[in-house]
Structure formats: structure tokens, C-alpha cells
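Enquirer: What follows is each chain in one-letter form.
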Amino acid sequence: MTQGEILILLALGAPTLSAVLAYVFHRAPDVRDTVIVVCAIVLAFVGWGLFSQTSAGVPPELMVGEPAPGFAIAFRLEPLGALFAAMASGLWALTSLYAIGYMRGAQEQNQTRFYACLSIAMVAVMGVAMAANLFTLFVFYEVLSLSTYPLVAHKGDEASRKAGRIYVGILLGASVTLLLPGLAAIAYFAGSTDFVDGGLLAGTVSPTVASILILLVVFGAAKGAMFPLHGWLPSAMVAPTPVSAMLHAVAVVKTGVFTILKATTYIFGSEVMASAPATDWLVWLASGVIVWASLVAITKPEIKARLAWSTIAQLAYIIGGALIAVERAVTGAALHMLTHGFGKITLFMCAGAIYVATGLTRIEDMRGLGRRMPVVFIAFLVGTLSIMGMPPTGGLWSKFMLIGSAFDAGAPQLAWAMVASSVLAVFYLGPVLLIAMFPAEGAGPPAPFKRAGGAPGLAVAPLAVTAIGAIALFFLAGPAAERLQALWGSL
Amino acid sequence: MLEQAASIAAFVGQGLVLAGAIVTIIGSVGVLRFPDFYTRIHAASVTDTLGAGLIIVGLVLLGGGFFVTVKLLIIWGLILITGPTASHALANAAFTSHVKPLGRGDLRQPSASDEG
Amino acid sequence: MIDALATGYVYAIIVAMMMASLFVLLTTGNLIRKMIGLSLFQTTAGLFYIALSKVGGGTAPIIIDAESAVGQARAARLDPAYVEHFGVDGVVYGNPLPHVLILTAIVVGVATLSVGLAIAVRVREAYGDTELDAVRRADAAASEPEPPGPRGRPNA
Amino acid sequence: MEWTAPLLADPSLLFGAALLVMLAAILCAIVVSRKLLTSVALTGLFTLVAALWYIAMDAPDVAFTEAVVGGGVSTLILLGSILLTRESAEPVSPSRMVFPAIAVILAGVAILYAVGSIPGFGDPASPANASVGRDYLERTYKEVGIPNVVSAVLASYRGFDTLGETTVVFAAAVGVMLLLGFGERALGDPARRHEALNPDLVEEIDHHVVLRVATKIMIPLMFLFGLYVLFHGEVGAGGGFQAGVILAIALIVHALVFGLSETMRAFPAAAMRAGASAGVLIYAGVGVINMLNGGAFLDYDFLFPPPLEQALSGPDGHAGQHYGIIAIEIGVTATVASGITAIFYGFAGRAPDIASRGASRGPESGGGS
Amino acid sequence: MIGLEFLNIAPQRFAEQAPALVVVGPLIAACAAVLAPGRRWAWFLCVGASAFAFWMAVVLASEVARQGVISYAMGGFPAPLGIEFRVDALSAMFALLISGMAVLTAVFSGESLETEIMSSKHPLMQGGFLTCLAGLLGLVLTGDAFNAFVFLEISSIGVYAMIAMGGARDRRAYPAAFNYLIMGTIGATFYLIGVGFLYAATGTLNMADIAARIPTLTSDRSIEVGLAFILIGLALKAAVFPLHQWLPAAYSHAPSMIVVFLSATATKASVYLIIRYLSTVFAFDWQVETAFMAFVLAPLSVAGILICSMQAAVDPEIRRILAYSSVAQVGYMTLAIATATSAGVSAALFHLFNHGVMKAALFMAIGGAAIHLKSQRLSDFAGAAKSAPWTMTAFGIAALSLLGAPLTAGFLSKLRLIQSLVAADWGWAAAVIGLSSLIGVFYVGRIFEVVFFRSEPEGGSAVREAPVSILLPLWLLAIANIWFGIDATIPLGLAESAAGAVMGATTLSPAGAP
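Chains as they are written, first to last, in the working numbering: chain A, 1 to 491; chain B, 1001 to 1116; chain C, 2001 to 2156; chain D, 3001 to 3369; chain E, 4001 to 4514.
Hints were generated in silico from the structure; no laboratory data involved.
Bear in mind that the values here come from a model prediction, so they are computed numbers and not experimental data.
Even glycine gets a Cβ: it sits at the ideal position worked out from N, Cα and C.
Keep in mind that a hint or two might mislead.
Not everything, but these chain E residues come out facing chain D in the computed CB check (under 7 Å) [to be verified]:
| no. | residue |
| --- | --- |
| 1 | Gln4012 |
| 2 | Ser4071 |
| 3 | Gly4076 |
| 4 | Pro4078 |
| 5 | Ala4079 |
| 6 | Thr4202 |
| 7 | Val4225 |
| 8 | Leu4435 |
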């Protein structure tokens, strides 16, 4: 067994073990939580190991089996997946720490089920990241949808069950009605669903067929929250904040765009993408979504709803980059997954910390909190800068690459939309900082802490780390992107 | 001599069968035309016993053969037992469920209640 | 069609009867009458098979020893064309296969009838009637009021 | 060459045509009648006339079966269930007839369309009559060695079908026993023991002297006849199935006249249940013995081990076939007789239950049975 | 080939008799069960006989894989004269499925009957069940058209009565069973009439013989009508839309044991006969037939899939939801069969197998959980996962499979279905399957939500954990659902070779680009 195979097995096994052990130790919460954190940390190291192996030119591979002819469960890491895996596993380690602090602080019910499902979701994310073909990717994609449904419906009241219905309805519905036929069709045209450099379908399908397939994939991967299948994301915000932070800023939505990115890069390839008329329509759609979602975000009084709509806009960036499908755009998109992941998870964790400490969710109620929770709001500032694409955060570079490649590829509408959205971000995230730091005169004292001592340390420390990460990316992103690009052809 | 006997037997047999058939038809007409339940049973049992009897005897004369004769006679015997018994059971059942025979003055009135 | 009817008049009548019994079965709402219709439907299917098995000028498929007196007498009475063409030892027999099939089908019919009537009796005991309409009404009446016991919130 | 039915040359064809018209008329009467009792009586009549028609069609075995089953058992069960349910059916509104009428007419037209291509009625050269059917006629005497080809095909060539048919009766008996019980209610309550079948019988029992005497004469004869039919099946019309029905009817007649509980004391329900399954066991057991002796399932040539078979049957006899057929016919008789009796017990034993619920029933009808 | 060859340890002489033994074993056991002195004995007999039948089916399947079609002449008379058991890969697959399900149902039946039927009638129930098993097995093995009718009836007659036995808990079982009896018998009689026409035209009853004689006929008319009658009759039995009305009521009120078995096998056996007639007897090369497939079977399947899925989405009773879903799933199968391609038939068979596995598990879980719960209403299962975690987890797995979630058997079969439809250029049909899956998300989601996320009613849920003898087969099925979702070698191998046997080799591999 090679080292790569062991790493892949570990990447799937660690979170699986975590899920199983969560049930085994469900009577002893302390043991359970320790085990989960240990597994998460192991996974983070594994994720880093996968990334360094890939960038060292020895992509890990593992063939599991072939349930049906032409449809194999197989894993193979290329740079894009390795990046995603590393990011997801690293952030998961932080999230699991944060989740323990949050869940205990908020005294949620059914914690064991929560952790088990979270762990299974992580298995799915790692599977998606490492998939060697579209079939494997799809399998884990669906596992992710199903395992996160209990997380969304966690509270079990009418509102969260309804949200759960919408969530699973849209995600599963889109994938079985669109992505699955797309998958079958791709398998039919190409004979397999393997991810191939330069595109599996290159030279085999007409632009019309390619257009249909592109539409099936882009809309089928509804986790990417592309209009009009974006409705699940705001409604899923009823879930506990760690879920929103981890899944709806990082894992689930990124899985959606990652699927699209992988498909456009390795299934269709830049030539097919460029020749298919659907690409143009979708680029226009993505541009529209970027602006529109940013505008909607401004109108939302709830902080998590605002962040959700912001996510919809940011995802459209990545989809736009994926649609352009040239090397630079794809790199930019991949990088944006990373930087947006760090930025947005920071923002969500901040929102969660505020909720745990004060029970507040509406922005207008947060007056003056900045003074009492300085770490949280400094981190929030960093996250805001990252979303806006301002230095000193990594968001700058990814936006820069995306905008630049959009202009190059002759899609100026997309570029201008991104610029506009950056400006709009000031309007939807800025007020939070303004109200918290500089409350209006005579607005009354800040809301009292619901919980003695404010947010627990376990909930604050991770968001500080991610904020630092977002800043660190300012320095690392450039080199990382160059390394990615350099590796691109060699694999 | 023997041939003559055979032809006579055949002739008589045919006659008997014909007579049986006529009796049967008369019986059937009776079942349809008689006014009340008990008289109709009477007509029906005429068909059973006399009609069937004549036909069977006729067939015995026509069919020849020892085994055929024995079988036909057994059938006749059975009909002689079952036919009257069935008629009796019918009449008895009608009586126990209080179906009254028509009286002297009732013949003019059509009866609709006793169609069995 | 006219030709077909001329030789196939038997089939035409049988088919008409088949359909008439199916009609009884489909229209009536009375369980017993439905069973009567079903039984007749099966019987008419049997008539169809037996009509197929008839061989003109034939006799029952019980083999007659050609050497015996009965056998010789029969052969003499028959049209020589048959004997030459299809005679088995000088006697034309009906086709035995459909007979066998319909023997089986009759048995299946009575088995179905008895089970169906048994169920009908149970319907009568449970509902007090054997009209399907009455049964349907009773079911509708039973399901209208909310059943006792815990009910979930209105949804689904 | 176009075949035309020799109506005049074969009187049975003429006779058949007349019977067919009669059948159609009876069916019309059933369609329009609403009284269930009338419908049942007409159905019984229909099957009896159908039996006559079968004779005209040279199918005495089928006629025999149809008469004992359709005219006997079916009618009896139908009457019994009418007694347990209601007397007349409710009228059907014409609007309900539209869809069935269309369906029925469509199906009828489809069949008529197909009938056009079937060879003429009575054509000896038709595929149905000329292929496998004729093979049986030619080969039976050589291969099975009994004159009644129908019996040979039934018990030997297509013996597996007959095993299935026996199983159907068994399954029906099991079903009715499940649904209606074993008539144990009739035995359960001594006070009502005699009411089991017909409440009238108890109070009016003295009226039935004639019936009881006649029945006492008839029942042994019926048993004897049943056995005759069973063992005569190889040479003439008849066989295990008809024999079983006759035996069952003998028991039913006994129950009708002497009361269900009397019959059940002589022939307990448990015995009927055992008989029904024993019959199938005998049948299948014969097949298994064939397999043990190295033949295929139900290959009676292997009923005995090959040396014994040779010794028993001599140069061109068919001892295995003979004994095999008789053995399986006994099995069929056992299952059918016990099965139908068990079914009857089920229906008859149900009567007190209905009565005790105070279900409204119309006045007892006099005639009919 | 089928992965179970290790069970083929029978002596050669035994293996030769396997086609007969597979039917005769349960039949003899049925008689013995009725005679059994107590319900324990009957149960042992039931389990033993089903296991025996399964073993014989395995022997049969591996023999078929080894030497091709097996012909077994009942009574030693060769085919057109005698009745022939003709076992090819298709029959072997169905025999395996039916007998395998029977084993699990038999194990399940012990405890399940305990609460549903008075104990003096257990031997009769077991006997009836075994008779039905023998009938279904005979149905899929026989090569004789009329013999198939007999087996059709054997497998049904006991079942009608056994469905009505659910009336002790819910009186609606009686009219439901009656309706089923009427519909089933009309179906069987239609089949009988159809066979009559085939016989009138060809003069033989052996299916292979009929198939050989059809091309030599001058007039097709009686064959056409015969085919129509046979297909309508079988469609009634297989609950193909719109002839399915009997099924939901019958399934929702019958005793659990019967539903578990029927849902996995009974309609499937009729689907088997449909495939058998369409492929072996009529060989798919006949104009009327292809027209029928494209313009009758396919639209009806589509309508059935959509309408019944929607009915499942709104029905308040849990078993009826599953029953409607069954009708929709039969629609999937007929839709794939209607493509008249080898890939389509293979996908239909694959789905049929998987659907049997998942539906049996679903009904088994409900039957186990509902031992203490008389109601069938979905709302009464609120919070059932809390009071019966093992039962309901298995239920959840099977429900995910029904939904077509990845890593479950249902997913792969849906994938195959779509693939085969795309390959046949029936993209619209693939879209229909997608759409119905979407509706499936709703009705399965509904069940999920109630069972797993709704809080228990006041005073605790009436649902209790099922006893071990139910959990055992239940979890076996649940694990099979996952196992066949990851490694589908067994069902796929069976389906492929079965389709190959009737259609010629499968033309669709994913590389079969146009």
C-alpha cells in the first residue's frame, strides 16, 4: 500500500471513525467531544499531507471498486481537489472546536446525532474532494446532501423541519433530476466519467449536446446555489451556527462550485466550454446573480441571512470563473474558494459567537457590542475585508485573478459585476461594524450578555485563528496560486 | 325370427322414447301453466318419473347390450328414488314456510307470490 | 367477416356470452353477483376452449379398440374421407388437450369462487352488507372524523 | 381448402347449436335478473346446459366435471353464501354501465377480429386439432397404455398441471378455513348445534322422515359411485377429480339432512384438513418416488425400481403408468373430497354467527334447493 | 458468476432434479405445515422449506451459469407433449429473488403472525404462504403457457384469503382482498383466453414451441389478439397503471408477512411473465408488438410513474404510501422494458431485484415496529426512531435506497435505468424518471421527517423495537441495500445474464457511444 492510498483511506476513515465513536460514547459527552476533536485534528494533518504529496508531484490514488461497469468508485488527487481537501479538513478541525463551544454554550439537544452527521458530512466532503471521476463525486455529493439534512432540521420544530424540506427538496431534487441524467449522459457519450486533463468530452460532443450537459451539471449541482436554485441556502440558516459556518460557508456550497469547477475543467475542458453557447448564457446569469444577490443581502436585517445572500453572490464568482474555464480563471476560482472559505467562516463564527453570548441575531440590536467583544469584531472586520477583496486579505488576489481573466476572456460584464459586488459588500457588511463599534448617540446601552462571561473561549479562539488565516492568505495566496498554476500541466 | 324380434323391439323402443318425450313436454307445460306451487311440483314430478321412465325403457329396447341395460336400469332406479324425494322436500319446505295451497275459489286470481 | 361468421358462429355466440358475463361482473356492486359474473366468465372461457377442440364427425377421445365390434361399426358409419385423413384406427376423436385444460380451469374456477364467497361473507359480517357502495360509504364515514389518539401538527 | 362444418352430417353439431342458443338465452336472463336466488338458480342451469353442450362437443370428461362442479358444488356454495348475506342486488345506475360497456364491447370486437382468422369450427385440420392434440391420440396407447386419452393427458402427460390443480383446491380449502374457520362454531354451542345449517330443521324435523330415509339409501350409493368414477377414469369418463366432488357431495347431502354437527362428528373438520393436505402429499410423493428411482418428477415409468417395473409389466405393459395414475387419482380424490367438504363446513358453520348478530334477513325462501 | 456458488454443494443427481425440487419442496412442506401439530413446527417447516428452495435455486442458477439453458421434462415426456421446465438465466434470477425473499419472510413470519393472527391459524397461514411460494417459483420456471396459468392461480388463491386475514385488525382488508380477487381472476382469465388464441393459432402450449411456430403462420390476427389479452391479463396482475387500483388497498391492510413477501415478489413474477412473452415468445421483432411497446406500454408507464408518485406524496397512511410507490416502481420497470433493448431489460431486472430488496425491508420494518401499533397513519409514527432505533434505522436505510441515495442499491438501479433510456434515445423518459425521483424525495422526506425528526407524542410512542427474529432479516435486507449499492456484482451479474438470455448480449456498455 502506498503512502497515498493510506492517506486517502485515513481521510475517509478519520471522520467515519469520529461518527461511529460519537455514538459509542454518547453517554459520556466529554469523551465524545475529545474523540471528535482528535479525529478532526488527525484529518487536518492528513489533508495537509494530501496537499503536500500532490504538490510534490505524487498524486495519491486509490481504486475502491466498480459497482457497475463504467462506474467506478475511485480516488485521485489533482491540485484542485487537494487544495479543497486541505482547506476543508483544516477548517473542520477549527469548526469542531468551535462547535463544541457553541453547542455547549447554546445547550442544544441531540448533540450526538449532530456530531455524527457533521462527521459523515466531512467524509462526504473528503470524498468529493478526492474523487477521480464524476460518478464518485456524485455519490459523495448525495451523501453530503443526506447527511446534512438532519443538521438543518436539527431543532426539530416546525420552522427547521420546513427548512429541512426545502433544503433536501432542492438539493436532492436538482441532483436526481438534472445531475444524475447528466452523469448518465456523460457516461454514455464518453464511455466513462473519469476526470481527464483537458476535458473528457473534448472532441466527442457537438456544442448543442455540450450545452445541454453543461446546463444539467451547473443547475444539477444546486449546492452551488445558482439562481434559481438558491432558495435552500437562506432557509438553511435556521441550523445551528457551526453548521452554517462549516457547511454553508465552506463544505456544502464549496462542494457545489467544486463540482462545477471539476466538471468544466476535467469533463468538458476549455475548448468545449468555449464552443458551447450555454456558457455565454450562464456567464450572463452569473453576472446578474452577483449583483442581485448582493443587493438582496443589503435588505436583510438578520446577520446570518445577510451572510447567506453574500455567499450566493460569492459563489457566482466562482461559477463564473469555472465557466470561463481558462487556466487563469480556474486558478482564480480555486483560490477564491479558499479565500472566501476563510473569510466567510470567520464571519459566520462571529455571528455564532454573538448569538451564544447575547442571543441576538438582528444587526440593529448589536449596537455597541464591539467594545465588549473586541476579538470577535476585529475578526469580523477581517472577514469583511476578505469578502470585499481588500488588502491585507487573500480575497484581494483571488478577485484580482477572476476579474482579470474575465476581461481577458471577453466577459467584461462578469468583471464589472464583481467590481460592483465588492462595492456593495461595503453596504451590507459595513453596517454591522458601524453599529457595533460606533453606536449612534442615545441608542441605549449595549445588550447584556445572556451567558455569564460572554462567548466561551472555545467559540472565540477558532474564529481568531481563521481571521489570522484570512490575513495569512494575503501573503500565501500568490505563491500558492503560482504553484498551482505551475503544477497544472505537469499532472 | 330374431331379426323380427329386433325390429319390433326397436319399434317399441322408439315409440316409448317418443311417448316419454311427449310426457316430458306436457310436464313442462304444466310447470309453466299451473296456478300454484304445489300443483306445479306435481307437474314437475310427472316429468321426472313417468317421462324419464318411458325414455329409459325405450332406450333399453333400442340400445341392446347387457351393460348398457344394467346401467340404464340403475339410472331409472335412482331417478325413482330421488325424484319423488326432491318433490317431497320442495313441498315440505314450502309448507314449513307457510305457503298455502290455493283453495276452491282462488283459481281465478293470479298468484305472484309463489314463483319458486 | 361474413365468411368468418358462417363457420365461426359458435365463437361469435361464445364471445358474446363471455362479454355479457364480464359486463355483469364489472357493473354490479353486489359481491355475490360479482362472483356469479366471474364464475360465468370463467365458464365461457371454457366454452371457447372446448369449441376449439371439436372435430367434426368425431367422438369422445376414449380410444376404441378398432378390432372390437363397436370400433368396426363406427368406422363403417363415418365418412371415408375422415377416416382416410384423420382417423385413428378408423375412428375420429375429438382433441383431448383442451378438455384437459378446461378440466383444470373448472377446478380453478370453483376454488376461486369459494374463496371469493368466503371473503364476501366476511365483508357482510364486518360491514353488514354486501353492496360495494355501502362498504365504501361505511369506510368514508369511518375515516372522516379524526381518529382518536395523538395527531401530529397539520402538515404533509 | 376451406372447411365448412358438416352440420347435417354430424347431428351433434346441430344439437350443439341448439344448446348454445339456449345458453345465450339463460345468460341474458341472468344479466337482467336482480334477485340473487334467481341468478344462482339460472347459473346452475347454465352450467348444466353447458355440460350438455360439452357432451355434444365430444368432451364427456369436461361435461362430467362441469355438471358436478358447476351444477353441484358452485351452486351449493353460492346458495350458502346468499343465505349468509342478502337476497337481492341493488340496481346499477346506467351511468355506471358506460365504461364497462365500452370495455366489454372493445374486447368483444377484438376477439371477433381474431376469431376471423381461427380455422372454422370443427375443422380437423386446424392447428389446434392437428398438432399436439393429435400426437396424444396417436401415442397414448403406446406410451401410457390406457384408452381414455383425456385421463392419460391429465394424469400423465400433463400430470404436473393436475398436481397444480390439486394444489389450487388445497389452497382454496386453506383459504376458506382461514377465513371462515372449520365450522367449529356449529359444534361449539350445544344449544344451537342443530340450527347450524337451517334453523327450520330443528323444529320441523319430523317432516323430514322421507328425506332421511331416501338419503340413507342414497349416500352409500353415492360413495360407491364415487369410487367407481375414481377407478373407472382410465377407461371412461371420470377420474379423481369428479370422484372427489361426488364424495364431497355425499357428505354435504348428509349434512343437509341430518345436520352439520352429525356430519362433523363422523367426519371431523380436522380429518378434512388432514385429507386435503394428504392428497397433495400423495400426489407429490409419487413424483418424489419417481425421482428417487432415477426418473423425472412424475415420470411413472419410474414408480417402481426398473427391475420391478419390468417384472410387473411384462413386454409392453405399463405397470408404472397404471399404478402411478391410480395413485395420483387417489391423491386428487382425497384432496378434492376433503377440501370441498372443509369449504362447506366453513360456510355452513358460519350460519349461527350471522344469526346471533341479529342481522336482518328476509323470509326464508321455500323452493330452490 | 453469481457469487453464491459455494452453496452449490449438492450431489449431481440432486442438481439434475433441482428444477422440480425447487417447486416440490415448498409444496410438500405446505401440506406438512397444515398438518403441523403446533405453530412452532409450522414455522420451522416454513423456514426450512424456504431455505431448501433457496438452496435449490442457487444450485439451479449456478448450473444455468455453467451449462446454459436447462430443460426439465416433467413426467419424462418431451416438450410439446409434456410440461417443460425451462430454466434460463432470467428464470434463475427470479427463482433466486423469490426464494431468497421467502427465507427472510419465513423468519419474519414467526413473531409477526403472533400479534396479527390467532395462533390456531398459524399453520394455515404458513401453509398458504408456502403454497404461494411454490406457485411463484413454478411460475418463473415453467416453459408451458398453460402451466403458467395454473401456477398463477396457485400463487394467488391462498394469497387472497391471507390478505383478507388482515381484517382482524382493520376491516377494510376484506373489500380490499375481494377486489384483488376479482381483478386477479379477471387477469388470469384474460391470460387464459390469450393462451387459447395462441393455442388456436399454433396448436401447442409450449412457449418455445409457440415462438418457433409463430413465424410460419399466415395470419397474425389471433396472435395479435392473444398477445393483447395475455398482456392485459398480466398487466392486471403486475399492477401496471391504470390496472393497479387493487394494489394499494390490498397492500395496506394485509398482514405484514404477506405484504413483505408480495411486495418483493408477487407483482415481480407477473413482470417476469410479461418479459417472457415479449422477448422469448414474440422475440420483440414483431410490428404490432413494437407499436404496443412504444405507444401503449411506455405512455402508461410514464403516467403510472407520475400519478402514483404523487398519490404516494399525499397519502396519510404509511403502507399505502409505499404501495403507491410500488406501482410507480413497476412503471420504471415497464418503461425500461418498453425500450425493447437488452440494456433496458437488464436495467429493469436490476431495478426489480433492488426494489424487491428495499420494499421488503420497508414493509418488514413497518410490520416489526407496528406490532404494538394498530394504526397505519404516518402521523402515529412520530418520533418512532427514538422508541425503536434499530428498526427505524434499518427502515431509514431502505427508504434512502427507495429514494435512490448513493451508496444504496436504489441509486445504482436508477442510474442504470437512466443510462439505458439515454442509450435508447429516450431522453424524455430519463427526464420522467428524474421528475418522479423528485417526487420521491418528497414522499420519502415526509416519512423521514415524521419518523426521525418529529417529537414523540404525549405519553410516548406506541412503536416498540421489533423482536430479534424480525430485526435479523430486517438488518440483513438493510445491509444488502448498502452492499448492493457499493458492490453490485451479484444483482448486476444476474440482471445482465438474464437480459442476455432473452435479448441476446447486452449492447450497452458505457463505452457504447453512437
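Enquirer: Determine for every hint whether it applies to the structure shown.
Expert: Quick rundown of the hints versus the structure:
| no. | hint | verdict |
| --- | --- | --- |
| 1 | Gln4012 | violated, 12 Å |
| 2 | Ser4071 | violated, 11 Å |
| 3 | Gly4076 | holds, 3 Å |
| 4 | Pro4078 | violated, 10 Å |
| 5 | Ala4079 | violated, 10 Å |
| 6 | Thr4202 | holds, 6 Å |
| 7 | Val4225 | holds, 3 Å |
| 8 | Leu4435 | violated, 29 Å |
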